Every structure is written in structure tokens, then in C-alpha cells.
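Work out the full structure, taking the sequences as your base and the hints as a guide.
Residue numbers (my numbering), protein chains in the order written: chain A, 1 to 293; chain B, 1001 to 1299.
Relax, there's no trap hidden among the hints.
When the alpha-carbon atoms are kept at most 25 Å apart in a straight line, the in silico BS3-like pairs for lysine-lysine are as follows:
1) B:Lys1046 <-> B:Lys1067
2) B:Lys1046 <-> A:Lys147
3) B:Lys1048 <-> A:Lys147
4) B:Lys1195 <-> B:Lys1103
5) A:Lys255 <-> B:Lys1152
6) A:Lys120 <-> A:Lys186
7) A:Lys91 <-> A:Lys147
8) B:Lys1233 <-> B:Lys1064
9) A:Lys72 <-> A:Lys255
Not close to chain A: a few residues of chain B, all C-beta gaps over 12 Å, as computed:
10) Ser1054
11) Asn1055
12) Asp1060
13) Leu1069
14) Ile1087
15) Leu1194
16) Arg1248
No lab work stands behind these hints: they were computed from the structure. All values derive from a computational prediction rather than experimental measurement. Built from N, CA and C at the ideal position, the CB exists for glycine as well.
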Amino acid sequence: MTDTLQANGVSSARFWRVALYTTLIVFAVFYLLPLYVMLTTSFKSLAEIRQGNMLALPADWTIEPWLQAWGKACVGLTCEGINSYFWNSIKMVVPAVVITTVLGALNGYVLTKWRFTGHKWVFALMLFGCFIPFQIVLIPMSQVLGKLGIAGDTAGLVLVHTAYGIGFSTLFFRNYYEAFPSELVKAAMIDGAGFFGIFWRILLPSSGPIIVVTVIWLFTNIWNDFLFGASFAAGEGAPMTVALNNLVNSSTGVKEYNVHMAAAIIAALPTLLVYIVAGRYFVRGLMAGSVKG
Amino acid sequence: MSNKNRAIGDWLRHHLPRLVLSPSVAMTIFFVYGFILYTAYISMTKSKMLPNLSNFIGLDNYGKLWKTLNWQVALDNLFIFGSLYIIICGLLGLFLAILLDQKIRTEGFLRTTYLYPMALSFIVTGTAWKWFLNPGLGLEKSMHALGWESFKFDWLINPEMAIYTVVIAGVWQTSGFVMAMFLAGLRGIDSEQLKAAQLDGASTLQTYWRIIIPQLHAVFLSAFVVLAHMGIKSYDLVVALTGGGPGRATEMPATFMYSYTFTRNQMGVGAASAIIMLMTIAAIIVPYLYAETREKNND
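Next up, the structure:
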């Protein structure tokens, strides 16, 4: 009697365990399937795509779509592939991330260790700026970029991303330095260390993790941006996301799905790599950007 | 060394922190608040293709906006998309987090798999799903090849159903992130309480329903705010997946704002729609930020 009860308990526990793993695997397939289909499609010829099954592996592997996407596909009026737009994105992301991170670190330092009356208001103003819908700034920004003569240019996008990235980088560093012991800072002040000396020798050496989190967060967001790129740099100076959208949604000619998928993977590759290499920091950035204060 | 030089040095030293902060503050005031005011003013002028500052017409554009059929469609779509997006992402995220919290051997791998779409651009996501759901060559054809001849899936080109494809792609991209938020919340719960409940004979289901889920209220709130914020702003995904179509079937406030401002030469109306978007987001974000920052200060 007790034996069968126990056996029932064990087999029901095993049943739930199997059901649990099955469900988890089904969802893993749901998340992976689009990526799998993108990959297989990008290695097939157009003829095979038309005849065959989207879910099947390529019968004849070809890297031609990748070469097309990189060097020959038509984006807008020019047919030189997406490589120049890829470099546009890099030229936009690197300076924007560097400037925004440096400013954010200094701001966070001032807002926690050199407080002045009204520091909370300054922070609140910057914090709210993080969450505005960017549609609200498109009209005046296009005017300002036009006046400065950097509309349609990577330099313009660097300015835009810096202006709207500072709030987040300041938030990240402020929350991190908040937990940094103020006694160390005070002791250094008594020893006669100056503003930058303290930052350089005391805070910066222990800022590694938050710098990584901030850089990854900014890199991902700026690389993936579409709205600003489409609004202010639609032509030769367009970033990768805009070029990808132009390539995929151009209404002329035959739809080369394999080339589209190769281009989409190229556009996704930098942020995917960062995610795979430094996923832990990526998640921490996401959390810090959503659970504020 | 004169006294004057030393005085300047002291002044600099004293004001240095604020001087370092000031460029960022100036940028924020100009690019955020100045631009909001400018857009608010444009929304009260008769601006067409370019800003026209002299032609003030009060709130006429807002009246016009609410009478525009495209705007009504955009709001209806935002309501459908937003509520489904928030509810499905929230439930799926919680569900996956609870499953992953059962001492799963491959947790690290599964977590990475569920979350990776969050690293992609919405343009990439839109491109991928547009191909996956392609009515001629995508999922439909694959199902036919597998022997399910009657399978039909034409939502992308069906005006009644297209908005739901945006929901599917949006959920695919963001639900993993919600899962990560809930998982972090679950890991923060005191395990003693759970042991006590289990000793009292509560089943796993009861423990979750009565003890664990009520303790996650802060995560529910954060997830809601993040999802609502992303939903209202969603522009890229719609552009890449459906382009707002077929017809205007997937028009959203963000695509409405863009097309009225930059391609339909109705900048005043476009600016008015941007103001409405800002006010909607502010109504969600401001109380949340206020509560979050206050909580922190009381600690």
C-alpha cells in the first residue's frame, strides 16, 4: 500500500518534471525560431527559397547573399551594399558612447559627492528627460541640426544621442556612486586632494562594473536606434538600421529575401555579440534603466 | 602671485563641481525642456511643411487632430496593441520566471535564449517576423510542406489581423526582459517563508498564488511602466513589420506623428499629436519616478 503510494508520488513528480522541461524547451524554440529561419534563409539561393520549405536547412549552401548584402545590394539609389552604413553606425556610436559615459560619470560624481542645494531637482530634471517620447523633439531638432549645418550627417546624430543619453548615464553613475563610501572622499579632501584628483584616484578605479554596464547599455540603444537616424540622416549618412529598412522595404525590383536576412543579421551582429560576451552586464543595465531612483 | 589670481583660483575651486555639471544641465534644459516648449508652441500654429511661428491659432490643431480618422484609428490600435502587449508580456514573463525558478539544470542557457531578442533592434525584429509570417513563402508554406494543407496564416496582409502580428513580434522581443525582471524579484524573496508554507502543507501552486506573487507587486509595477512606455513609443517595429499598413490598419500615434509632420505637411497637427503622446507617458512615468525616488530617500 505505502509502496504504491510512494511509487505514485515519484511518477507524478517525474511527470511534472518532464512537463516542465518540455514547456521550457517549447518556449526556447519560439524564441530561437526566427533567428534560425533568418540564418538558413541567408544561406539559400532565391530559387531554393521560392521552391522549398522555410524551416529546412539549405540544400545548396551559398554565401552569395552575404556578399551581396555587404557589397552590392541596392539601398536607395546606390547599389554598393550596406558596408558604408555599417561604418556610419560605428562612427556614430563610438563618439556618442564615449562622450555620454564620461559626462555621466562626472555628473554622477558631482550629484553624490559634491552636493549643492537643489541637487535633487537637477537630477529629477535629467531623469524625466530619459523617458520622453522622442517624437516631441523631432521638429525642433531638425531645425537646430539644419542651422548648425550637421543635418543628414553622423556628427548630427552624435549630438542627438549624446543629448538624450546623458540622463541615463547620469542615472547609472549616480546610483552607483551613491553606495560608494563618502568617508573615503572626505579623508582625501582633508589630505588636500582636489576635485579631479579624488575622482581619478578614488572613484574611477572602482567604477569598472558601472562603466561596462553604461557602455553596453548606450551602445545597444544607440546602435539600435531608428527614429533619429530616419529623421535626421536618411541619405548617405544613414545608420545601419535605416539602411536595413530601406533595403528591405524598397518597392523596386525582385525581393531578395536571402540578401535581406543576411543584412538583418549583419545589423544585429554587434549587439548580439555584446550580449553573448557580456550578457550579465547587459541585463544589469536593463534593470538599472527600469528600476530607477 | 597676486591676491586677485588667488581669488580667482578659490572661486574656481569652489564652483568646479557645478561647472562640471553645467554643460549637461544646459543640454538637458535646451534639448529636452526647450524643445518640449517649442513643439508645444508649434502645435498652436498653422505650421504646414515648415515651422511657421507667426501664425498662432490656439488649440485648433488639437480639435482637428481628434476629428482626424487616422488619429482615431491610431488610438484604437494603440489600445489593442498596448493592452495585449502589456498583458501577454507580463503573464508570459511571470510564467517563464516561475518555471525557471524550479531549480532547472540548464537555467543559464534558457535565460540567455529567452532574453536575446532584447539585444536586437526593432528593425531587425520586424524584418525577421515579416519574413517568418510572409503569407506566400513563410510559415504558411512550411506548414503545407509538413502536410497541413489547409493551414492559412495571412495576418500580415489582412487589415483585420495585421495589428496582432505587431503584438506577436513585440511580445517575442520584450517578454524575455519581463521574465528577467520577475526572476530577479523571485530570487529576492525570503526562502524561510516558503519553507514554512510548505511545512504547513501548502502546494507549490498555493505557495505561489498566496505568498510569492503578492510580494512581487513592485516588479508588476515596474514591468507595467516599462511596457506601457515602450508600447506608446513603438515606431520602429511598426515601420519594419507592416509600414503602418495594410492601408492604415496598423497606424499608431508614433507613425501618425511622423507622417503628418514630415510627409503630409501638417506639422501643426503632428506637433499636437506629439504633445498628446508626451502627456500620456508623463501621466504614467511621473508618479512612478516620484514614488521610486521617495522610497529610496526614506531608506
